[in-house]
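Novice: Since the structure of chain A is provided, determine the placement of chains B, C and D on it from the hints.
Protein chains in written order, with this note's numbering: chain A, 529 to 870; chain B, 529 to 870; chain C, 529 to 870; chain D, 529 to 870.
Because the hints were derived from the structure by calculation, they are not lab data. It cannot be assumed that every hint is accurate.
No copy is singled out in the list; a pair is fine if it fits within one copy or between any two copies.
[Said to hold, decoys possible] In silico DSS-like cross-links for lysine-lysine, where the CA-CA straight-line distance does not exceed 25 Å: (1) Lys724 with Lys652; (2) Lys867 with Lys554; (3) Lys691 with Lys862; (4) Lys847 with Lys835; (5) Lys566 with Lys691; (6) Lys724 with Lys835; (7) Lys554 with Lys566; (8) Lys569 with Lys867.
4 protein chains.
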Amino acid sequence: SDNIVLISKAFRQQFVIPEFVQFTCKIEETFRLCSENKDGKVASYIPQLAHMNPNYWGVSFCTVDGQRFSIGDDNIPFTMQSASKVLTYVIAHSELGAERIHSYIGQEPSGRMFNELVLNHNRKPHNPMINAGAILTASLLQNLVRPEMRHCDKFQWITRYFKRLAGGMPIGFNNAVFMSEIEDADRNFALAYYMKDNHCFPEGTNMESCLDLYFQCCSMEVTTETMSVIAATLANGGVCPISGEQVLQSESVRDALSIMHSCGMYDYSGQFAFQVGLPAKSGVSGVIMCVVPNTLGICCFSPPLDKYGNSVRGVQFCKALVDYFNFHRYDNLKHAEDKTDP
Amino acid sequence: SDNIVLISKAFRQQFVIPEFVQFTCKIEETFRLCSENKDGKVASYIPQLAHMNPNYWGVSFCTVDGQRFSIGDDNIPFTMQSASKVLTYVIAHSELGAERIHSYIGQEPSGRMFNELVLNHNRKPHNPMINAGAILTASLLQNLVRPEMRHCDKFQWITRYFKRLAGGMPIGFNNAVFMSEIEDADRNFALAYYMKDNHCFPEGTNMESCLDLYFQCCSMEVTTETMSVIAATLANGGVCPISGEQVLQSESVRDALSIMHSCGMYDYSGQFAFQVGLPAKSGVSGVIMCVVPNTLGICCFSPPLDKYGNSVRGVQFCKALVDYFNFHRYDNLKHAEDKTDP
Amino acid sequence: SDNIVLISKAFRQQFVIPEFVQFTCKIEETFRLCSENKDGKVASYIPQLAHMNPNYWGVSFCTVDGQRFSIGDDNIPFTMQSASKVLTYVIAHSELGAERIHSYIGQEPSGRMFNELVLNHNRKPHNPMINAGAILTASLLQNLVRPEMRHCDKFQWITRYFKRLAGGMPIGFNNAVFMSEIEDADRNFALAYYMKDNHCFPEGTNMESCLDLYFQCCSMEVTTETMSVIAATLANGGVCPISGEQVLQSESVRDALSIMHSCGMYDYSGQFAFQVGLPAKSGVSGVIMCVVPNTLGICCFSPPLDKYGNSVRGVQFCKALVDYFNFHRYDNLKHAEDKTDP
Amino acid sequence: SDNIVLISKAFRQQFVIPEFVQFTCKIEETFRLCSENKDGKVASYIPQLAHMNPNYWGVSFCTVDGQRFSIGDDNIPFTMQSASKVLTYVIAHSELGAERIHSYIGQEPSGRMFNELVLNHNRKPHNPMINAGAILTASLLQNLVRPEMRHCDKFQWITRYFKRLAGGMPIGFNNAVFMSEIEDADRNFALAYYMKDNHCFPEGTNMESCLDLYFQCCSMEVTTETMSVIAATLANGGVCPISGEQVLQSESVRDALSIMHSCGMYDYSGQFAFQVGLPAKSGVSGVIMCVVPNTLGICCFSPPLDKYGNSVRGVQFCKALVDYFNFHRYDNLKHAEDKTDP
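This is chain A alone, in the form it adopts within the complex (with noise of 0.2 Å):
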């Protein structure tokens, strides 16, 4: 029942990508090119992610109509870590309003060669997208958005939520993981008093708990299946193309798709944009969520990171995807003849 919008639309053959085997079988040959890539090395600020295989190499995919494939390993479970910012700022715009997000959190890159700057010139985060702007994105979820659940009712309220996101698959949490990330959160306390001490917050923040729901949010496990529907709802406007729900305002997903391409891959970010120029963020577990709007979702997983704490096959798998199909935010759709259009 889940697949029905699939089914209604195969019998009425308006698929986004019509020759679907044909493009699995070009994902599959850059799957296998970007496999031999040996670079890069895996994170490893805390044992639980230290400890991952770095040959562990999955992709999967997930068009707006619900078309899947996914290659390598797929099923394997890694946590979401700055993956996760994305889906909190998601919702809480969904939930608040774009006005009334922006009014505690900026919405342009930092800058990368200025990163001790932690609050931009109006005393707020540059982005949702670092630290500082999740951290807080995380207390406007916790005292803005129905402030009077619990915390434990809070974080299965988004747990659902990211669940509905992923069209009704399963989201796990590693407890290990989080009590790592709270046992090495010395910089994330930092940010959290520097902003306490510049009036960041909204009123009532507890900031133990307020951190707490980030790294909980961090520690959410997933695997590429999961994470490329989740990347196909965004692709979609909001509506989950599995399960047909409207899960989030089409303009929060916007917006969110504007901050992932400008500030989405650390101080690669530019570059990126530049070159693959597709919104994307990543995460050090070695995961990178990639979204072709009004197309299809995509994500990564692969732990060696490169200096930039992106994955370096994710990386790769996203710039050939780019040079091979006119994916690319410019691509010009009829007069950029050497590209295919899948």
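Specialist: Chains B, C and D only, in chain A's frame:
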């Protein structure tokens, strides 16, 4: 004969904006709304700009099919100023290729609060939309593209390029502006000497003639009509919709649009990317050239500028357009139901 | 018996300021002039400071011979605040040596416009006069100097040190200020967590008790009389002029004076060094401790502060003093004939 | 007749360094120690400096009584380079007064990590020891001090001033260095244009001739003997110890020493102030001029430079001197018993 593309399409009724008349009605309404806005100040650093009539207000559209529509002061000539930076970049890119041009110039925003830092950490100008980058682009055009040409011939050659981008429409030259700019060039001389000291220029660069060429391009004179056709050529992957000529490499256009998206509106670029989500480039004469990829090119012209140096009415017009139509780069085509697809 | 140094010198008529009475007349005149200055605002971030009487105005002198002179509110107790940073630094330096302490903390100004940058390029606090540096100094006193002491004993030990610097004069403790500071400590918690994340602290640091010690030192209570003796001990190479005891290593005093000279007056340090040319340290309670090396120690106290956080009357007094007497570090002793050598 | 000051004092046996012979023995020992140091690289940006013999090593002293002592290569001519910045500043200060000169130029360190920021937040050069500040000082000398003088006469006038500071000793001019500097002046042209754009210069400034004057001062040629007398004039409040002439206002000398103290050794200034604690100024020719106020002037010369651009042996010599004698700005005169008072 120029309109052969348009006519052939008209017969086939395959326009990108099927209901063009309804579309233009909405444009007119927005135009009138903006004309009431009396904010902003005309640029005053040279007399030729200071004496511009602040009431001038014109908008022109050109679709990738070659359909055109203008309203207001659409035939008042104005100088391109910084809008020419896009053209010199895309021409140099088309002639030299991405790799070669970006071995001299970066492709990322410079960070809004640190405009004193002339060069990025690789000792290159941050991007071709800032003065340092555009001066360097002029030097590349002079010394790497057909270096045997005399300076006067190179100027002719570039003018002809501009004209081809405009489908043969006339491109003027305002010599009074050029001479004023040269006289008020201290800042740009400082940038050029600083870059020379950092070995930014290709060998053989004559700094005086390079700055001359830079200011000459800024002093090119156009109308909103002409400029909208140039914008449409960019919307159309480098193929001029009026003449049907492939003037630029589609890859070059893609990179130009990426850079316009992140760096085209001075220090307002980040907010413009978030709110409007369209590649655009402004100039202190009051021009804004805006591109809806695969759809149309827009040119607004109104001399009063906001504190960032962007035309007040121009920015307002672009925002209103995106509020009504699904032109924002990350508007969802299906599920943003309150928006109109023209 | 405390004054044995003084008395023995008096017999020999060998005072550093031979005409002490004439000198004090000029001081009185300057004191009255400054008392008319009603500018500045009392610090308001904690109630105990906010409620200070803005009319308090006292100045005390103590020469290296132990001659003393006070005028105005010389026995109103106030908290040392940042002036304590000099004492903890010079004690830690005296106990640990220059090399050891400066392997943890730098010794240069942080640059006035970049106060967001908590650590210098070696990932250390810039100097012991900024909060980060003083928090770290507290940790060195706790963990490297007699680490076996219990926290309460270490506090006693430091208090006794302060008292010895003051020649046995009483040192109080304002517990209300301490408790207020602890409650308003977000900024300092942020700094401490940030330093912890950067491995700035010596092993075994308990951050809570280290911040406690930092705030305890800030909450030590003195009068201008007491503080002028401490300043005189610094003027006298670490030998208290009242008791004759060598309390500090002379090398430690030298380094403390160097750092007070370049970093002691918050963001006004550079201008103060240029105009007044004397090592000084201010605190938000309105205290300024100023040292004329080899000559005398001065303490001014007046709660209203300028925009830099320095006592308005205190700064005015120091400037007037240097305009009249040849106390500026680079005053020429022979050829600055319009100045008085007291 | 020049030595009349010296002779009259000799009769009265009132020298500032009573045991001059013992003092010079220690100097010789230190000199030999430093001569073993082969570190550093000779400046290479112009051929005239690059060809300097790296083995040159000379030191000269001159006390405020006019006693002199030299060792090593004390009569090899070298260009003043940045050491001339002190002289042009102190002359301009003496002629124009503190208020007037500092309405154009600041007086604080620029902050070592932010050397790209040419101007401070008041849009002035940070201080007269950096290139921007020294170029501006040249302009003040040209346009505010006797502006009616022709450029050649102004050059003569300044040369004579330098000569008076040196008690009549000869000052040469190295025209080859001057011409090389002018040819390699891109950076300084950038600074000058940038300042022009920011309206830093006084009215009537001709930038070319101002840069000429700046480079001419840098190309003045001296020996360590000559330079040590100039340093002694600064140590003596502006009165030349050789001629007895009051060449400079004592207030001007005070301000020059303050600025040398905080800004005289390029990016090493902060550490030098802490460790050596004496006002000094270095130049890329390998010169260091160092002042012990009220006592003596020192000039070291050795071409190999460290990474900051300061003479390796010169810095080593200054440190050794302060380790042995109580010359550090904040050495205690009584209680630093392990140090020698010469």
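Novice: Any hints from earlier that this structure breaks? Give me their numbers in increasing order, please.
Specialist: Violated hints: 5, 8; rest satisfied.
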